[in-house]
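Use the sequences and the hints to build the structure in full.
As you go down the protein sequences, you meet chains S and D in turn. For the first sequence, the tail end lands on 260 under our numbering, and the numbers increase by one without skipping. For the second sequence, the tail end lands on 84 under our numbering, and the numbers increase by one without skipping.
These are calculated hints, taken from the structure and not from any lab test. The beta-carbon is built from N, C-alpha and C at its ideal position, and this holds for glycine as well. Any given hint could turn out to be false.
[Stated by the list, open to error] To list a few chain D residues with every Cβ distance to chain S over 10 Å, as calculated: (1) F6; (2) I7; (3) V9; (4) I10; (5) T11; (6) L17; (7) A20; (8) A21; (9) A24; (10) R28; (11) A36; (12) V46; (13) T59; (14) F82; (15) D84.
[As the list claims (entries may be wrong)] Quick list of the computed label-pair ranges, beta carbon to beta carbon: (16) S/Q37 with D/L31: 15 to 23 Å; (17) D/T3 with S/P56: 23 to 31 Å; (18) D/V35 with S/T34: 42 to 50 Å; (19) D/M2 with S/H44: 37 to 45 Å.
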Amino acid sequence: MVLLYLTYVLLATFFQIPFGIDHMNVAREYLKHSPKDLGVANAVTAIVVNFRGFDTLGEVTVLFLASTGLGAILFRRREIHTMLNPRRTSVVASRIVQVAGKFLFPLIVLLGAYVFIHGHLTPGGGFQGGVIIATGYLFLLLAYRQFAIRHSVVTWVESLAGATFAGLGLTGIILGKQFLQNFLPAGTLNDLLSGGIIPLIYIAVGFKVAAEITGILDTVLSIGVEVNEQTQTQTQKNE
Amino acid sequence: MTALFIIVITIGSLVLIGAAIFAVHKRDLLLATVATSVISLVLSVFYFVLQAPDVALTEAAIGVALTTIIFIVTIKNTKRFED
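Right, dumping it as structure tokens:
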């Protein structure tokens, strides 16, 4: 009975809004101010970093918490399996995959760096470029068994990049303006050095996401496979 | 609404629904994971055709590469056939 009443109230409210009329007032303001005042060609980047920059700081914090939580939960199993020296995969990767991994890894890192450096000019940005770089590391992790990632370096890069993001926001306060205010000049449109602190923030976010996702993938992949007698003799023959 | 738009959306919708039914129906979890990554791929093409390239890049990088590898490693560490 209560359900019927609630349905009636909701439907009566929704049918009072006229259908098919443009209500995007805030979006129109963003699209108008983004090339003129900020000098940024990609409106999505301008919204994510500048108009809604505080939400991006929260997103980066959530990613950091997820990566730290996963590392903390699986830390004991990773330690045990590092002592027993397991294999990351149960079969050695073929020669084609190994040579292709060595050849493609710098190209993938170059593509990812291009995507997050040009985040304010072309579609993409920090998060996409960081995940592309982590995919390159995943290729090497699956191709070579003896490839190891030093977790101290990954943790330092992640923490310093996150601190750079917060530090750029605090520099706005130190210079007498708001938190995360754009204090560098806007520059001309479609230039690489345009848009104030937006490319700097996206470079920091790109490094941070790449380091985080690489750490997560290495933690998940190094749980180890249950080596029983059959696969052990087979891999010894293959190697 | 150009012809390419209509063709891509129609064919993509059929592949999407087929892959989703396949992913739910199969008992071999590895095949279900591959079907999920096919769904992410078709969805990424949809986002590009609907003029949202940032979302398409994100969906292609995360949906196809990242969640697929995490699911495969999870299936390797647990059991492969559900019952």
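Does the claim that D/I10 lies off the interface hold, with its Cβ farther than 10 Å from every Cβ of chain S?
The assertion about D/I10 holds, with a minimum of 20 Å to chain S.
Taking 10 Å as the cut and beta carbons as the points, is D/F6 off the interface with chain S?
At about 19 Å from chain S, D/F6 clears the 10 Å cut-off, so the statement holds.
Taking the minimum C-beta separation from D/V9 to chain S, is that value above 10 Å?
At roughly 18 Å from the nearest Cβ of chain S, D/V9 sits farther out than 10 Å, so the non-interface label holds.
Grab the minimum beta-carbon distance between D/A20 and chain S and tell me whether it stays above 10 Å.
holds (22 Å)
Taking the Cβ atom of D/T3 and the Cβ atom of S/P56, is their distance within the range 23 to 31 Å?
holds (27 Å)
Could you check that no beta carbon of chain S comes within 10 Å of the beta carbon of D/A21?
The claim stands: D/A21 keeps its Cβ more than 10 Å from every Cβ of chain S (closest is about 24 Å).
Within 15 to 23 Å: is that where the Cβ-Cβ distance between S/Q37 and D/L31 falls?
Given range 15 to 23 Å: violated, Cβ gap about 50 Å.
Status of D/T11, Cβ more than 10 Å from any chain S Cβ:
holds (24 Å)
Far enough from chain S: is every CB of that chain over 10 Å from the CB of D/D84?
holds (20 Å)
So is D/A24 really clear of chain S, every C-beta pair being over 10 Å apart?
Given that every Cβ of chain S is farther than 10 Å from that of D/A24, nearest at about 21 Å, it holds.
Non-interface label on D/I7, tested against every C-beta of chain S at 10 Å:
holds (21 Å)
So is D/R28 really clear of chain S, every C-beta pair being over 10 Å apart?
holds (22 Å)
In the structure shown, a violation is registered for the earlier hints numbered 13, 16 and 19, in ascending order.
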